[in-house]
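S.K.: The chain contents come next:
Number of protein chains: 2
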Amino acid sequence: MKDFIFEVDTKILFGEDQLKNLPSEIKKHGSRVLLCYGGGSIKKIGLYEDVIKLLEQNNIFYKELSGIEPNPRLESAVDGIKIVRENNIDFILAVGGGSVIDCAKLIAAGFYVDEDPWNIVTGKSRVEKALPIGTILTLAATGSEMDENSVITNLKTKQKLGWGSSKVLPKFSIMNPVYTYTVNAHHTASGVIDIMSHTMENYFSLNDGCYLVDRFSEGLLKTCVKYGPIALENPKDYDARANIMWANSWAINGLLSTGKSTDWSVHPMEHELSAFYDITHGIGLAILTPNWLKYVLNEHTARKISLFGKNVFELELSGDNFADANRAIDELRNFFNSLGVPSTLKEVGIGEEHLEEMAELTIKHKGRPIQGFAKLEAKDVLEIYKLSL
Amino acid sequence: MKDFIFEVDTKILFGEDQLKNLPSEIKKHGSRVLLCYGGGSIKKIGLYEDVIKLLEQNNIFYKELSGIEPNPRLESAVDGIKIVRENNIDFILAVGGGSVIDCAKLIAAGFYVDEDPWNIVTGKSRVEKALPIGTILTLAATGSEMDENSVITNLKTKQKLGWGSSKVLPKFSIMNPVYTYTVNAHHTASGVIDIMSHTMENYFSLNDGCYLVDRFSEGLLKTCVKYGPIALENPKDYDARANIMWANSWAINGLLSTGKSTDWSVHPMEHELSAFYDITHGIGLAILTPNWLKYVLNEHTARKISLFGKNVFELELSGDNFADANRAIDELRNFFNSLGVPSTLKEVGIGEEHLEEMAELTIKHKGRPIQGFAKLEAKDVLEIYKLSL
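Chains as they are written, first to last, in the UniProt record's numbering: chain D, 1 to 389; chain R, 1 to 389.
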């Protein structure tokens, strides 16, 4: 187990009756709010109206930034920073899913940087401070409500890049599973897959002695395997939505990587797919992950993959690690299929035309080969893309 | 799943090379330190000398409070508060195990209360603020380094009571598994049992829909079952000590009870044993827990206990919940026995003489019957004590 620092001070207010605490939580940190949201979904479920009412009843000044996209774009953050500057905003409230929160994070940090906020995403500008952020989560997928990460898309440069800073960890997050009842099957499934992928990126590593957190990872994966199908079958099953929502936060807030040497593998490969084709992130992950596992299956990795099959899918081990690992990977593919998502790139309109370019860019944006569960250079990424066609 | 709030902002610095960060972490919160510790163990392992050197090299003023007991006593906290007041102390550094940290918590909160700090423990005085606390952990058992709880013994009133406040959550904790290499077999075993008991107090509940955190609990229990014996066999096994130490924090920092209706059952029963007989807490828990489970085994609880056997001890289920639950309980007893700890009250010198009084006091100190996995009144506690003779 490697040395690590763990510090996650986001206050989580979880459940059906927590929204009432919004004004008092905001007032701990600020008084002039930028309310960030996406399309109309928060209006459809009545949340927008409830939030506005609470802000107005409590005389909290606010301005709005709406229309933040899935795969949030640099331009939205630039717009947000402008509103913040023009209105002396001192608190960012993100209401929505990970995209809205990720955009809010770049606004919060970008406010303190004079030049282009894209420099924060690329790492050229260092984040020294950020405006405080609060979130009201309406989609379980990215875990952005309890972590320091953000992913921003720059359509001009065709880049979708992740960045992070402890300064943009939300001060509080209100998580009501009921807000996710109206999330459609497509986004419910891709959210569950995203959560599982975050977990697997941490979980699949070699002999690091991190037994405890690997058992936590398996528990989290089992939760997704149990409740993903239930949430699709009955979108208003509270326990399903609640377990998925809470799993979502713990998949990526840092606990599951404590003590581990992890280097995320599938996420960087997928980011190129969504940057080029604007596909839903979780769908890209579902297509790539089993092919990545097949590709990296070798004498070093077979045992861990077979344990994954035993501890997550309750497969009986035969003692033949390769056979067991292959069955585990097949089970993962079957599970993704059961969620009704595509399993090939062709199904989402991706052909061979950009595979090589995307493979090169995966490594270029990483700045070096992927050093995770198995080492991957551009040629390996290309092979995984090809397996996924 | 019930509504809940989760907020644990302790910064964890985990690993072999973290002590160097002590001065900078202290300086974030204070400049005049009360250094709290117990007997000579921190001197034996050289930690005392290292800490003093760091404080002096960094010109950090300090006074010492030494001799804090296992089952820390009110008097030590009173002494500590006196030193704090006389020296304008603004930061409490606890170096040791849970007893030292628990005492530090009462000093930190008691400083702001004019009257007897015992009023904080009994709940008569409300904790409005507390001095900041940092810890350097040398024993994995109570989880006090990352939670808001403290247990204090008042020998005059024969009371050992728990209290808690978010104000006394440590600001940081330095956790080096190497510091626990010299913990002897008795305290290693009782620490592991304490960790398991914290987990089980949260885990054993009925149909609450908290699937995710129950899987986390099982992962934590499996970690204790795997590494407890390894740590006894080879006290310098880094991964064993590290996994136990990290499990220790997560057993009781609040995560495993999120969304659950829990009412701790075995801890209040055990606190009477240690208050009357000053036995090691973990040993008392080991004696009581399997008997508690046998006593509460009924048609409602059988399924959960049998799942515990399957998911923690990998027992195959027969389909007969009662039989499976009994096997699970036997397995737990066998595991405790394998750690070399006593399994009856008689072995630790406890006879029938105070059982009735302790049973009455268990409920009296709780203020009502125990409403956990199964309802327990004083007569039930007495039966469990008798089963444990």
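If you're looking for bench data, these hints aren't it; they were derived computationally from the structure. Some hints here could point you the wrong way.
The list treats identical chains as one, so a pair stands whether inside a single copy or across any two.
[To be verified] The calculated lysine to aspartate or glutamate pairs, modelled on EDC-like cross-linking and capped at a C-alpha distance of 20 Å, are:
| hint | residue 1 | residue 2 |
| --- | --- | --- |
| 1 | Lys-44 | Asp-330 |
| 2 | Lys-236 | Asp-90 |
| 3 | Lys-260 | Asp-237 |
| 4 | Lys-28 | Asp-9 |
| 5 | Lys-226 | Asp-79 |
| 6 | Lys-129 | Asp-9 |
| 7 | Lys-375 | Asp-239 |
| 8 | Lys-2 | Glu-56 |
| 9 | Lys-11 | Glu-360 |
| 10 | Lys-171 | Asp-9 |
These numbers were taken from a predicted model, which means no experiment stands behind them.
S.K.: If a hint holds in the structure, say so; if it doesn't, say that too.
M.R.: Each hint tested on the structure:
no.: 1; hint: Lys-44 - Asp-330; verdict: neither (39 Å within a copy, 54 Å between copies)
no.: 2; hint: Lys-236 - Asp-90; verdict: neither (36 Å within a copy, 51 Å between copies)
no.: 3; hint: Lys-260 - Asp-237; verdict: between (35 Å within a copy, 17 Å between copies)
no.: 4; hint: Lys-28 - Asp-9; verdict: both (14 Å within a copy, 16 Å between copies)
no.: 5; hint: Lys-226 - Asp-79; verdict: neither (41 Å within a copy, 54 Å between copies)
no.: 6; hint: Lys-129 - Asp-9; verdict: both (16 Å within a copy, 19 Å between copies)
no.: 7; hint: Lys-375 - Asp-239; verdict: neither (39 Å within a copy, 25 Å between copies)
no.: 8; hint: Lys-2 - Glu-56; verdict: neither (49 Å within a copy, 29 Å between copies)
no.: 9; hint: Lys-11 - Glu-360; verdict: neither (40 Å within a copy, 38 Å between copies)
no.: 10; hint: Lys-171 - Asp-9; verdict: both (7 Å within a copy, 11 Å between copies)
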